[in-house]
Amino acid sequence: MSDSLDAYLVLAGLLFAIGTFGFLARRNAISMLMSIELMLNAVNLAIIGFGSFIPSLSADGSVIAIMVMAVAAAEATVGLAIVIAIYRNRKTPLVDEYDAMRR
Amino acid sequence: MPRSLLTIGATLALIGLAVGLPIGLVVLGVLRWGDDVLFFLFAEVMIGAGLLVVTMRDIIRCGLAMIVCFGALAGIYVIAGAPLVAAAQVLIYIGAISVLILFAIMLTQTKDAPTSLVFQTQSLGAGIAAIVLAVIIGLTVGSTDWPDVGARIHTATDHLAEVLFNEYVLPFEIVSVLLLAAVIGGVFLAKREEGGPP
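Residue numbers (my numbering), protein chains in the order written: chain A, 1 to 103; chain B, 1 to 198.
So that you can see chain A by itself, here it is in the shape it has in the complex:
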């Protein structure tokens, strides 16, 4: 099982679907950010899988995965800063109460 690319890709797909569910279903803004992290990790797993089973992508897969991690760190920093800034104004982390542009 650990020697087949399909296992890694199916695992990545499952983790991505879990992240999608969390992003669509949770009310808490930080839960949604955690779901985004899960999805980024799923994509990283797929990239590592390709890099580890296709000879011409061997080192490129790892390099791209490390780049994705750096971009994910930047995204987490800015996203959490935005959530904290909104929380300071609205006193709630629940996204369905952020309705200032709807009223």
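Read the hints as simulated data drawn from the structure, not as lab findings. Mixed in with the good hints, there may be bad ones.
According to the in silico footprint, chain B covers these stretches of chain A (three or more CB under 8 angstroms from chain B) [unchecked claim]: (1) 3-10; (2) 61-69; (3) 77-87.
For each label pair, taking beta carbons as the anchor points, the in silico distance ranges come out as [unchecked claim]: (4) A/6 to B/20: 50 to 56 angstroms; (5) A/101 to B/33: 57 to 63 angstroms; (6) B/87 to A/71: 17 to 23 angstroms; (7) A/91 to B/27: 54 to 60 angstroms; (8) B/12 to A/56: 44 to 50 angstroms; (9) A/100 to B/90: 38 to 44 angstroms; (10) A/56 to B/19: 36 to 42 angstroms; (11) B/27 to A/100: 58 to 64 angstroms; (12) B/156 to A/6: 22 to 28 angstroms; (13) B/90 to A/91: 34 to 40 angstroms; (14) A/100 to B/131: 29 to 35 angstroms; (15) B/157 to A/100: 47 to 53 angstroms.
Cβ atoms here follow ideal geometry from the backbone N, Cα and C, with glycine treated the same way.
Could you slot chain B onto chain A? The hints should help.
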């Protein structure tokens, strides 16, 4: 007291099932002893912790389950033959991003947050969409003929460094500038206004 005993029993049964399933598959001849069993165990832990992240009520426990999920993923990277990425996963995700998220949770926790509704009203549709997405990805993966070699290729770290600092040196520099911009932007967004609300 009986409730906590029940929780302990259910947890032990779950751990037994998680460990027993790969061993049973080895006995049945589906899995080979060694890397396959480890891969299966890590995959179980990763998917289970991921499900806990999106379903548990207490958000701080969601954050802790996310750390477990990332740790299992680092193990899968090691099995896949990318040890440097596994080390980076432990350093960046478990060491930095998880701590950042836990701090953000503690800064935005309200008293009634765990008792109020966790899911949106659209969660049923979201669940169906996620299952459909997983099935589509699985079918696509199964029906595509990948140009793979059927054996894991170990990525040597010195070769990775050569590729990173020759072919990918421009993206590397751009990422460093992006990280700097993100850090400055994060500090600017999260800092308190002078004389504003605390």
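Do the hints match the structure? See the list:
With 8 residues bearing a CB less than 8 angstroms from a CB of chain B, the segment 3-10 of chain A meets the requirement of three and the coverage assertion stands. Residue count for the segment 61-69 of chain A with a Cβ under 8 angstroms from a Cβ of chain B: 7. That meets the three needed, and the coverage hint holds. Counting residues of the segment 77-87 of chain A whose C-beta sits closer than 8 angstroms to any C-beta of chain B gives 9, which meets the bar of three, so the coverage hint holds. At roughly 24 angstroms, the beta-carbon separation of residue 6 of chain A and residue 20 of chain B lies outside the given 50 to 56 angstroms, and the hint is violated.
Distance hint check for residue 101 of chain A and residue 33 of chain B: the Cβ-Cβ separation is about 58 angstroms, which falls inside the suggested range of 57 to 63 angstroms. Between residue 87 of chain B and residue 71 of chain A the beta carbons are some 18 angstroms apart, a value that agrees with the proposed interval 17 to 23 angstroms. Taken as a hint, the range 54 to 60 angstroms holds for the pair residue 91 of chain A and residue 27 of chain B, whose Cβ atoms sit roughly 56 angstroms apart. At about 47 angstroms, the beta-carbon gap between residue 12 of chain B and residue 56 of chain A stays in the expected band of 44 to 50 angstroms.
Take residue 100 of chain A and residue 90 of chain B: their Cβ atoms lie about 40 angstroms apart, and the range 38 to 44 angstroms holds. As the Cβ distance of residue 56 of chain A to residue 19 of chain B is approximately 38 angstroms, the hint placing it in 36 to 42 angstroms holds. One distance hint, 58 to 64 angstroms for the beta-carbon pair residue 27 of chain B and residue 100 of chain A, holds here, with the actual separation near 60 angstroms. Evaluation of the 22 to 28 angstroms hint for residue 156 of chain B and residue 6 of chain A yields a pass: the beta carbon distance comes to about 25 angstroms.
Look at residue 90 of chain B against residue 91 of chain A: about 36 angstroms separates their beta carbons, and that is inside 34 to 40 angstroms. In this structure, residue 100 of chain A and residue 131 of chain B meet the distance hint of 29 to 35 angstroms, their C-beta atoms being roughly 34 angstroms apart. Take residue 157 of chain B and residue 100 of chain A: their Cβ atoms lie about 50 angstroms apart, and the range 47 to 53 angstroms holds.
Checked against the numbered hints above, the structure breaks only hint 4 and satisfies the rest.
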